[in-house]
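Add chain B to chain A, keeping to what the hints say.
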Amino acid sequence: MKAFFLRLKQKLDFGYLVALLISLGVALLIGTVILTVTGFDTGKALGALIGGSFSSRQYFGNMLEYAMVLCLCGLACDVGSRAGIFNVGGEGQLILGALFAAQIGVWLKDASPWIAIPCAALGAVLVGGFYAFIPGVLKVKLKVNEVITTIMLNSVAVFICGYFSKGPWKNPSPRVVSDTSPLDRSFMFSKLIPSSNLSTAIIVSAVLTFLVWYILQKTTKGYEMRLTGDNPRFARFAGIKADRIVIVAMVISGMMCGLVGMFRVYGAAGKYQSSISNDYYFEGLMVAMIAQYQPIPTIIISLIFAILRWGAIFMEDTVGVPIQIYWIIQTAVIFCMAGEKGVRAAIHKARETRAAKREIEKRREGGAVRE
Amino acid sequence: MNENSWSNILTVASSTLNQMLRSATPVALAALGGLMTEHAGIMNIGMDGMILMGAFTAAAVSTALMSAALGIVASVIFGILVGLFFALFTVKLRSDEFIIGCALNTFAMGITVYLSRSLFDSAGISNAPHLHNISIPLIRNIPFLGSVVSGHSLFVYLTWAFVILMWLFVYRTPVGFWIRASGESPETLRTAGRNPERMKWIASILCGVFCGLAGAHLSLGNLNGQFGQRMVAGRGYIAFACVIFGGANPVKVFAAALMFGFFDAIGLQLQSSKLVDPDLTSAIPYVITIIMMVYVVVSGQRRRERIAKQQLKKLELK
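Top line first, the protein sequences correspond to chains A and B. Those letters in the first sequence? Residues 1 to 371, per the working numbering, in order. Those letters in the second sequence? Residues 1 to 318, per the working numbering, in order.
So here's chain A without its partners, still in its complex pose (with noise of 0.2 Å):
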């Protein structure tokens, strides 16, 4: 027992874990000052914020949905980040996912859903891993910038799936604009938590993250993609394909997205619309940018900011406090992350110049004592 305790204190950077709490607190008190300037009841908001993920079940299990999304996104770019590859372009891979698997369930719609199924997984993987295999083999042979290529990627990918669900693929009643067909009711995850958006499909995600983690953390595999991302060069002289490496880290990072998507017309949405994902993907980003692209705390970030999340949608309804205070606190989380270093360096800096001029001093008196 004493050398669990032992192991998991040298396991835990507490350094990180303070960093994330003060950030934590600064990003609510921005939050509270910015509720109150815009005439907000600020008690009753932030207990809205908090609490209102726990408030009923559906709030529960919707909260809990969104903290796998934004887990596997987060995984997804970890996954990218890892090898030295920034996957911005999640957020395409992950609607075109989400329109392919909603697509072949409605070709498919005769079948048993023992098919069907994984016939969409499979579609839904294809798509989202071709789509990031893009940027991903741009930049490996040609040198071009992915964060560039993914996010135009992105914007293609938008107008793609706007014009298959509004053309060839729309449902034909004239009634809808651009969404597709309904999906068979039998193809349709079985919730675990009725009326929410809480399907089994949070224990393929749990699987998957597992896998993930196991992968990047625990095998030959990973610690070589560690390699490639942290030195390129040296990962080659070490006999490392890390060409390779790059483009199927890149690869499995799309095929991530691509599921994710599928998971959320195939558990919650039932169709694929235009709000299947509401930047979703870079929501994720952000998650693993504080997390600084290590799994577990990915996976723990991501329920924290999946409870503010659904906490936020909870305020709107009840205090009528506009949902976008919850990126305005998210992205002072970052900035408070990202500053933390720096604060910290010029801290010890300071301190440093402080005992420095201490030990001059000190000897210059101690030299006045000689002479």
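To be clear, the hints were calculated from the coordinates, so they are not data collected in a lab. From a predicted model like this one, the values you see are computed outputs, not experimental measurements. Misleading hints may appear alongside valid ones.
[Unchecked claim] Heads up, simulated BS3-like pairs for lysine-lysine below, C-alpha to C-alpha not over 30 Å straight-line:
id	chain 1	residue 1	chain 2	residue 2
1	A	K109	A	K191
2	B	K309	A	K141
3	A	K166	B	K274
4	A	K191	A	K166
5	A	K141	B	K252
6	A	K143	B	K309
7	A	K170	B	K274
8	A	K271	A	K166
9	A	K341	A	K357
10	A	K141	B	K313
11	B	K309	A	K241
12	A	K349	A	K362
13	A	K143	B	K252
14	A	K271	A	K170
15	A	K341	B	K92
16	B	K313	A	K143
17	B	K92	A	K357
18	A	K141	A	K221
[Said to hold, decoys possible] Here are some of the chain B residues that sit facing chain A, going by a computed Cβ distance under 7 Å:
id	residue
19	I99
20	F107
21	G110
22	I111
23	V113
24	Y237
25	V287
26	T289
27	I290
28	V297
29	V298
[What the hints assert, rightly or not] Here are the in silico distance ranges between beta carbons for each label pair:
id	chain 1	residue 1	chain 2	residue 2	range
30	B	D96	A	E361	35 to 41 Å
31	A	D279	B	L275	29 to 35 Å
32	B	S273	A	D279	30 to 36 Å
33	A	G43	B	Y171	54 to 60 Å
34	A	K349	B	V294	41 to 47 Å
35	B	N8	A	S274	34 to 40 Å
36	A	V18	B	K252	44 to 50 Å
37	B	K252	A	D279	30 to 36 Å
38	A	F210	B	P174	57 to 63 Å
39	A	K141	B	L158	37 to 43 Å
40	A	L29	B	L275	51 to 57 Å
By construction, the Cβ of each residue, glycine as well, lies at the ideal position given by its N, Cα and C atoms.
Only chain B this time, still in chain A's reference frame:
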């Protein structure tokens, strides 16, 4: 070909070129700011958010004070503040530029819509006092040129002046030289007795100002006094791409922005002709951006290789 179809073609061409100038302007303005940070060695992904906040400030102040001019002034002042904020993190605290940029974009989405909803009770602003189009007295009477060049908002013409001014600033003034040095070789600049951090601060503030102006143009010039959550539509990223195409040279960057504007205009023409689905035509500028990006990077590598080979040959001859 008869007379009628010729005049048809001319009308289409002039309206395409007119739209090209309109579409290029916000991108060009933001890119002028982006090239400053690029020269100072800061990777600025956050321009999208800077533009959005500039657009909101301009629209909100213009609505509140009933004056478009004050809206523009406010967006410039706000741009300075955003530039200071960006520099505080990227220069002073040495945070990851990529993280700060991404966070700035999300923050902009949050704060603008939050303020818009709590101040104006709606997620967007419309009918703010806006800038009127200027028709230039003599030029507007020239047959083809008149309909292309005349009748834009003030910012379109200002941008042309800014391009020249920025070229002079970057390549012909000491401060511009120091800013370039602060990105290329900060230690050399420090040895020469200048503070590279200060140059980065200046570059960042200039970037904030230009992005603020780009936002003001979007809301008050281009959209006639409107603000919406998605109005920037990735123009900050396209501006960033333009900076890279143009090698951070103001004139070349402007040419890249014009190219983006041209394809945007072609997309809009196709859309109004109803030959192609509007969703597909809207994707054109983004696809073109990717293709241009690949082209620029590959041609740059080729050129470097060629130079290296020539150098090698020279050495062999010796």
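Can you tell me whether the CB distance of D279/A to L275/B sits inside 29 to 35 Å? 32 Å Cβ-Cβ, so the 29 to 35 Å window holds.
Given the proposed pairing of K191/A with K166/A, does the C-alpha separation stay at or below 30 Å? Satisfied, since the Cα-Cα distance of roughly 29 Å is no more than 30 Å.
With a cut-off of 7 Å, does the beta carbon of V113/B approach a beta carbon of chain A closely enough for the hint to hold? Constraint on V113/B satisfied, holds at 5 Å.
Agreement of K271/A and K170/A with the hint, judged by alpha carbon distance not exceeding 30 Å: holds, 11 Å
30 Å Cα cutoff - pair K109/A, K191/A: Answer holds: K109/A to K191/A is near 20 Å, not above 30 Å.
Restraint check for K313/B with K143/A, where alpha carbons must lie at most 30 Å apart: holds, 26 Å
Honestly, do D96/B and E361/A meet the 35 to 41 Å range at C-beta? holds, 38 Å
Given V297/B as an interface hint, is the shortest Cβ-Cβ distance to chain A below 7 Å? holds, 5 Å
K170/A and K274/B: Cα distance at most 30 Å? With a Cα-Cα distance of about 19 Å, the restraint between K170/A and K274/B holds, given a limit of 30 Å.
Does V298/B hold up as a contact with chain A if the rule is Cβ-Cβ below 7 Å? holds, 6 Å
Classify the hint on I290/B as holds or violated, based on whether any CB of chain A lies nearer than 7 Å to its CB. holds, 5 Å
Need the status of pair K349/A, K362/A: alpha-carbon distance at most 30 Å? Holds, because 20 Å separates the two Cα atoms, which is no more than 30 Å.
Comparing the model with each earlier hint shows no violations; every hint is respected.
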